[in-house]
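Read left to right, the sequence shown gives residues 1 to 188 (the numbering used here).
If you're looking for bench data, these hints aren't it; they were derived computationally from the structure.
Just so it is clear, CB atoms sit at the ideal spot from N, CA and C, and this is done for glycine as well.
A few of these clues could be false.
[Claimed, not checked] Pairwise CB distance ranges (calculated):
| id | residue 1 | residue 2 | range |
| --- | --- | --- | --- |
| 1 | 41 | 72 | 36 to 44 Å |
| 2 | 72 | 20 | 32 to 40 Å |
| 3 | 101 | 130 | 43 to 51 Å |
[As the list claims (entries may be wrong)] Below, computed lysine-lysine pairings styled on DSS-like, alpha-carbon distance capped at 30 Å:
| id | residue 1 | residue 2 |
| --- | --- | --- |
| 4 | 131 | 2 |
| 5 | 19 | 108 |
| 6 | 29 | 134 |
| 7 | 131 | 70 |
| 8 | 41 | 29 |
| 9 | 70 | 54 |
| 10 | 139 | 2 |
| 11 | 164 | 19 |
| 12 | 48 | 164 |
| 13 | 139 | 164 |
| 14 | 131 | 29 |
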Amino acid sequence: LKEPFLILDIGSGPGIMVKRILRIFRNSKVIALDISLEMVKVSIIENKKLMDEKKIFHITADAFNLPFKKEVFDMVICHLTMHHFPEPEKPLKDSLNVLKTDGLIYIKDLYRPPRWIIPFYVSFFGVRYNKNMKKIYRKSLLAGFNYKEFKSIFRNSFQPGNWKIKRSFVTHLVGYYTKQNSLPVCKR
């Protein structure tokens with residue numbers, strides 16, 4: 001893959017990840033998609049400069065019904081979003097339709113640790129959170145995935161051999177998919 005890319009960020013929320021994406025892929029453009037109009041409004045405010053530079057475009061839409069033509073995007077990113085989906089396989093399968101033949105899907109989501117250790121996760125990793133944020137973080141951890149569940153989602157969504165998953169630190173799971181037979185190595 002060579003820049004510039006057209007990247008779809010599914011479940012973009014307040015647009016924090018969009019900034020990170022564009023720090024790595026400086027010559028690319030991002031379509032920030034979220035079902036929440038309120039989140040899109042926050043992202044518009046937070047990313048005004050990048051919007052003025054025509055690097056970010058916002059759309060309010062449902063990940064379960066992507067409003068794009070086939071094979072439009074070089075990359076589809078789903079960052080900390082899948083645990084919100086009642087059926088995570090559906091948007092992943094739909095993302096295949098909008099991904100170019102040589103494109104890449106990148107997914108990162110919360111790892112759900114055993115229940116007994118969740119209070120430690122909340123107090124340690126949420127040390128700077130207020131009481132309400134700790135409550136939200138706990139619920140998010142409970143909605144996250146263990147390794148076996150994450151692997152099953154990939155197995156049910158993508159062709160065998162074209163995906164890889166791994167743990168990222170102790171708090172997250174990461175997965176990659178490409179329509180090609182082998183995954184490209186990204187050195188960034």
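Each hint, compared with the structure:
With their beta carbons about 25 Å apart, residue 41 and residue 72 fall outside the hinted range of 36 to 44 Å. About 22 Å separates the C-beta atoms of residue 72 and residue 20, a value inconsistent with the hinted range of 32 to 40 Å. In this structure the hint that residue 101 and residue 130 lie 43 to 51 Å apart at CB holds, the actual value being about 46 Å. Of the supplied pair hints, the one linking residue 131 and residue 2 is violated, its CA atoms being roughly 44 Å apart against a limit of 30 Å.
A C-alpha spacing of about 16 Å is found between residue 19 and residue 108, which places the hinted pair at or below 30 Å, so the restraint holds. A distance of roughly 34 Å separates the Cα atoms of residue 29 and residue 134; the hinted pair therefore is violated under the 30 Å criterion. About 44 Å separates the Cα atoms of residue 131 and residue 70, which puts this hinted pair outside 30 Å; it is violated. With a C-alpha separation of about 19 Å, the suggested pair residue 41 and residue 29 falls inside the 30 Å cut-off, and the hint holds.
Under the criterion of a C-alpha separation no larger than 30 Å, the hint pairing residue 70 with residue 54 is consistent with the structure, at around 22 Å. A distance of roughly 39 Å separates the Cα atoms of residue 139 and residue 2; the hinted pair therefore is violated under the 30 Å criterion. At roughly 25 Å between alpha-carbon atoms, residue 164 and residue 19 fall within 30 Å of each other, so this suggested pair holds. A C-alpha spacing of about 35 Å is found between residue 48 and residue 164, which places the hinted pair above 30 Å, so the restraint is violated.
Note on residue 139 and residue 164: the hinted pairing holds, with a Cα-Cα distance of about 27 Å set against a maximum of 30 Å. For the hint linking residue 131 to residue 29, the alpha-carbon distance of about 37 Å lies beyond 30 Å, and the restraint is violated.
Violated hints, in rising order: 1, 2, 4, 6, 7, 10, 12, 14; the structure is consistent with all others.
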